[in-house]
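Kindly generate the complete structure, drawing on both the sequences and the hints.
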Amino acid sequence: MFTSMYWYLFICLLFFGIGDFLGVVTKAKVSAVFVSLMLFLIAFMAGWIPPDVIKKAGLDQIAKWSVILLVFSMGTTINMRELIAEWRTVVTALLAMGVIMLGAFLMMPFIGYENTMVSVPIVTGGIVATQIMTSGAMEHGFALAAALGTIVFAVQKFIGTPLASYFGLK
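Positions in the sequence shown are counted from 1; adding 12 to them yields our numbering.
Certain hints may be false.
[As the list claims (entries may be wrong)] With a Cα cut of at most 35 Å, we get these calculated DSBU-like pairs of lysine-lysine:
hint, residue 1, residue 2
1, K67, K41
2, K39, K169
3, K76, K39
4, K41, K76
5, K76, K169
6, K68, K169
7, K39, K68
8, K41, K169
9, K67, K39
10, K41, K68
11, K67, K169
If you're looking for bench data, these hints aren't it; they were derived computationally from the structure.
In structure tokens form, the structure reads like this:
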């Protein structure tokens, strides 16, 4: 019973559901993604679930297609009037991307071109960018760059998200 695809799918959906529930209950003071990642991390470290639980649940193939659908769906939901009304947010995001690109340019001699090109979109784009960039890096044989990108995302989620939630909602 505890080795079937349905069991692993149940575990994954349970972790995502707990994260989503806590995110809704706390009105996003606690990130749903952060809670889900912590549950996976604790379960991996304790040996309760295998490291390839996503693959065993059959979610690895779905993830490849969902990114394409998600990116196109996000593009169709942009309301130009809202975007113009939120011009300060747009300018802040563009300035932040500029600072990140400057930082990447300065770090390139230390961490290398490939590592930089994989990590910068992850810092600015989140989980979708992480999936796109790490799979692209692996396809081109840059396993170290893919690992660094994953670490960048994890650090951003495990350190940055709680800080942003705490200081952003006061």
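Outcome of the hint check:
1. K67 to K41: 30 Å, holds
2. K39 to K169: 18 Å, holds
3. K76 to K39: 30 Å, holds
4. K41 to K76: 29 Å, holds
5. K76 to K169: Given that 35 Å is the threshold and the Cα spacing comes to 21 Å, the pair holds.
6. K68 to K169: Holds, at roughly 24 Å.
7. K39 to K68: It holds: about 32 Å lies between the C-alpha atoms, which stays within 35 Å.
8. K41 to K169: Cα-Cα ~13 Å, so holds.
9. K67 to K39: 31 Å, holds
10. K41 to K68: 32 Å, holds
11. K67 to K169: Holds, at about 22 Å.
Taken one by one, the earlier hints all hold for this structure without exception.
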